[in-house]
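2 protein chains.
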Amino acid sequence: MDTAEKVEPAVSFETSPDRYHHWKLTFDGPVATVSMDVQEDAGLSPDYRLKLNSYDLGVDIELADVIQRLRFEHPEVRAVVITSLKERVFCAGANIFMLRGSTHAWKVNFCKFTNETRLAIEDASAHSGIKFLAALNGICAGGGYELALACDEILLVDDGNSAVSLPETPLLGVLPGTGGLTRVVDKRKVRRDLADFFSTVAEGIKGKRAVEWRLVDAVYPTSQFKDRVARRARELAGLSDRPADAQGQGVTLGPLNPDVTGTAVQYSSVRLEFDRERRMATLTVLGPDEGEPATPAAIREAGDRFWPLRVFREIDDALLRLRLHEPLLGTVVVKTLGDPARVLAVDQTLLAHADHWLVREIVHFAKRTLKRMDLTSRSFFALIEPGSCFAGTLFELALASDRSYMLDDPDRPTAIALSPMNGGPLKMSNALTRLETRFLGEPARVAELLADNGALDGLEAHEAGLVTFAPDELDWDDEVRLAVESRAAFSPDALTGMEANLRFAGPETMETKIFGRLTAWQNWIFQRPNAAGEKGALTAYGTQSRPEFDFRRT
Amino acid sequence: MDTAEKVEPAVSFETSPDRYHHWKLTFDGPVATVSMDVQEDAGLSPDYRLKLNSYDLGVDIELADVIQRLRFEHPEVRAVVITSLKERVFCAGANIFMLRGSTHAWKVNFCKFTNETRLAIEDASAHSGIKFLAALNGICAGGGYELALACDEILLVDDGNSAVSLPETPLLGVLPGTGGLTRVVDKRKVRRDLADFFSTVAEGIKGKRAVEWRLVDAVYPTSQFKDRVARRARELAGLSDRPADAQGQGVTLGPLNPDVTGTAVQYSSVRLEFDRERRMATLTVLGPDEGEPATPAAIREAGDRFWPLRVFREIDDALLRLRLHEPLLGTVVVKTLGDPARVLAVDQTLLAHADHWLVREIVHFAKRTLKRMDLTSRSFFALIEPGSCFAGTLFELALASDRSYMLDDPDRPTAIALSPMNGGPLKMSNALTRLETRFLGEPARVAELLADNGALDGLEAHEAGLVTFAPDELDWDDEVRLAVESRAAFSPDALTGMEANLRFAGPETMETKIFGRLTAWQNWIFQRPNAAGEKGALTAYGTQSRPEFDFRRT
Chain P
1 MDTAEKVEPA VSFETSPDRY HHWKLTFDGP VATVSMDVQE DAGLSPDYRL KLNSYDLGVD
61 IELADVIQRL RFEHPEVRAV VITSLKERVF CAGANIFMLR GSTHAWKVNF CKFTNETRLA
121 IEDASAHSGI KFLAALNGIC AGGGYELALA CDEILLVDDG NSAVSLPETP LLGVLPGTGG
181 LTRVVDKRKV RRDLADFFST VAEGIKGKRA VEWRLVDAVY PTSQFKDRVA RRARELAGLS
241 DRPADAQGQG VTLGPLNPDV TGTAVQYSSV RLEFDRERRM ATLTVLGPDE GEPATPAAIR
301 EAGDRFWPLR VFREIDDALL RLRLHEPLLG TVVVKTLGDP ARVLAVDQTL LAHADHWLVR
361 EIVHFAKRTL KRMDLTSRSF FALIEPGSCF AGTLFELALA SDRSYMLDDP DRPTAIALSP
421 MNGGPLKMSN ALTRLETRFL GEPARVAELL ADNGALDGLE AHEAGLVTFA PDELDWDDEV
481 RLAVESRAAF SPDALTGMEA NLRFAGPETM ETKIFGRLTA WQNWIFQRPN AAGEKGALTA
541 YGTQSRPEFD FRRT
Chain F
1 MDTAEKVEPA VSFETSPDRY HHWKLTFDGP VATVSMDVQE DAGLSPDYRL KLNSYDLGVD
61 IELADVIQRL RFEHPEVRAV VITSLKERVF CAGANIFMLR GSTHAWKVNF CKFTNETRLA
121 IEDASAHSGI KFLAALNGIC AGGGYELALA CDEILLVDDG NSAVSLPETP LLGVLPGTGG
181 LTRVVDKRKV RRDLADFFST VAEGIKGKRA VEWRLVDAVY PTSQFKDRVA RRARELAGLS
241 DRPADAQGQG VTLGPLNPDV TGTAVQYSSV RLEFDRERRM ATLTVLGPDE GEPATPAAIR
301 EAGDRFWPLR VFREIDDALL RLRLHEPLLG TVVVKTLGDP ARVLAVDQTL LAHADHWLVR
361 EIVHFAKRTL KRMDLTSRSF FALIEPGSCF AGTLFELALA SDRSYMLDDP DRPTAIALSP
421 MNGGPLKMSN ALTRLETRFL GEPARVAELL ADNGALDGLE AHEAGLVTFA PDELDWDDEV
481 RLAVESRAAF SPDALTGMEA NLRFAGPETM ETKIFGRLTA WQNWIFQRPN AAGEKGALTA
541 YGTQSRPEFD FRRT
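In order, the protein sequence lines correspond to chains P and F. All residue numbers for the first sequence refer to our numbering, where the first residue is 1 and numbers rise by one. All residue numbers for the second sequence refer to our numbering, where the first residue is 1 and numbers rise by one.
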């Protein structure tokens, strides 16, 4: 099942509404309706058909694109209804035949990306003034219910048949993999014993009981359903803080058009280069040019060419390509090139206009991209060299790295600098800033460092605890080479687990719980013979044969 | 590597100082010294030798016994030095050849038990007035360092050679499995990038750097080491709140002497019965007799015969036997028998004398046993029937269960009741009470229920949300039978993951992080071919061959 020979479909993470296969968007003033209408034969692979609004990675890439565009291109949207165009079916969840035919790594990557998409919905609700209403017009199972759980409210049609369910345990021998269990007990605070029962009945829970158990917020008979959904969506739209004069103010997200070769992906300001022999990649980020816009009007005018929006879109795409297309490149060297002063100037612009809807979107998008990096199962080493611009927002790339090496050479000055962008707007999944997480043992140091916001050279940065090592010119080459080489020799699985545990010190949130606890268990189960083995439940699903379990509890 | 044929050694979780193979205890006033002196040829299996103070489950069972007896039998002890009697070696960690030769389930159970032992040390420090000092007189690697991390302070000898290390990633391709990574960044708050480096250098970190990186609290040259340790231990003893007149007041923990047959383990007040055909066990707990002691003097007099101490020791032993010896019994039906009023009377005694050292120990031990139940990978269903005594402390058994069924039959009255013991003393690993966790969605209800502490019948208990289902006489048999039967048919791995996620809603703590995040990743890695496969690192360790990795990152 997990053979090196298995060929996974080529995937692009870029799409746009004119190319969607599976989703329809309609707009009615402040309310957008996002309707799932999965095209059975338009899956990423011809090996399965996407029946009953079941989904594969391609469907979720479109959904992620929808959410992103609603934030940037449609500032007039204040509430989103997520529903389905299929009769009596909302969504049957992740496609089982796709899961069954996938490698372990694909399943893990698929679940991670869909987690990130659900969290992007919750991020838009928390920070962007867009409330989400799940309008479940039919059966809603597994990942379908997880999509509903990501919304602020869930309305279910009461037609005697439609139910919500997490049938993974009884039917497939796996966990609801995209955050389901965590959202049930932590977000919706369903009682644990009711959640236990719910998660073991394949047919799910419907009607009043679903409301009483907090699984949905309300049920309405078919005759009233549409009206109630529309009414509640308008009410939710009324809660938004998005601008009143937003109509037509959106910024179009154009295609990234990277230049892709066998050895590199080159974007306008980001370059991802592959060194397959050493199993490493180099991610180089270019700082801004002179004259970046400094007012909301000019930023809107620049649109997707405004440096921070452009560069984080490119980093995001590069990370996703790396995850899916380059599994063998275990270490990523992170570099920057440019003028730190210009990065700090852009930071100042972002901070000065933090309340403007578009600036707010850009900052939250940078935040989400950095979280994507935190959650990427690769070793990141930041190399801070002469000519680099690890300042403010870009210094987060060094803080997000597992280690950083900064040259200490008086003859070749190298500097880093903090900005208030390191002090709050770019929080990690654990709800702390990267500085706070870094200095859990010396919390007072965070404020000291942020107050003293001058440039620091290698020795100063090392002394301040902001970089891991600061070798001098003599040691630099050997030390960096050795670090990269020895990393490449370790078990990739041990590194994945180690990084997942060291990166998120401090408090846990629903988000870190989903990625830490739930994902890890899901990954464990995904490779257990009871799920993925010859006679496992995932393998047996939809065939004539029944699963055979090794019933020993572990 | 994980074959059904593999025979694991028979293990008893009971031991006593006169039977220890691996630890020496000495006492000097308020300071106890616990010295590791592992007997190479006294491992649980003849397949490996416990060289260099490496350990297997048997060594850890003795350590757990040491900690337990220091709490109950030695109330005069206020500080504990953990050190080694081997020259220049503190502890080399878990024995690799033991790990390599173990089934997946054994490894998982071993790590869980050692986690619980380390947490018992931290519990004694937090609640029992016993501070722990790790005196590292030599190399301290892997699980050895994890034992040190569980102590309040770590002193390391500075002899140019002795270092602390977590060499699992570089040497074995697995994670430091007993909480290591979590304690490094969360408890000791070592910076994540330094922790990353530390966890990848097999030789570890020594001397001043170990102090600067917060890996140890101090280093001293060999000539000063013993004196410094003794001095610091006396200082730590001075912080204790244990009673001044404690000498000779300890209570001896006698053997449990259960009657063990092929179908049941019968203790004085606990019975664990096996139904192998249905793959279930029944755990029946007897309430107290009349006339349980009600004053500290009488409790001390009763010693290990005092009902709450006796019954929780028996439950604890039953759970451990179940975990290790009965892997096929996936569901545990939990019952009680007795007079609820008597349980509540004992609760009142425990609460009235909560400040007395022995009562405090008993309550914290009940708490730890209930946590052991929360962390046991079996489905627990509480059956609340006529004649049962699910009241106060014993109602925690129902709250700790995945579901509870309570008979609703006016002709056969059945009652549950809460007591203040449900309101604080028996907190879960997430630092909430089981009631608080249960009612995360309705926090006000907890205080209401605790205020109204009368008995509740089935309907009332169901209405109050305290039981999952309350079938009447007509439905009872079918509903319970069906629940047990359908549970037995599910994938045991999916159930393990599901329960691990549903049981711990709410905040995460270092403890839940260790069991949730870290354990799950460890379990995942333990069954990856890169660790446990034919050419995996764990398999290759100590042989001539080098591991061969599939370098794809997941």
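What the hints contain is simulated information worked out from the structure, not anything from laboratory work. Source: prediction; values computed, not measured. Some hints here could point you the wrong way.
Repeated chains share a single entry, so a pair holds when one copy, or any two copies, can fit it.
In silico DSSO-like links for lysine-lysine, alpha-carbon gap of 30 Å or less [to be verified]: (1) K187 with K427; (2) K51 with K427; (3) K24 with K427; (4) K535 with K187; (5) K208 with K535; (6) K189 with K535; (7) K24 with K535; (8) K367 with K427; (9) K208 with K427; (10) K208 with K187.
For a quick check of understanding: which of the numbered hints are violated here, in increasing order? 2, 3, 4, 5, 6, 7 and 9
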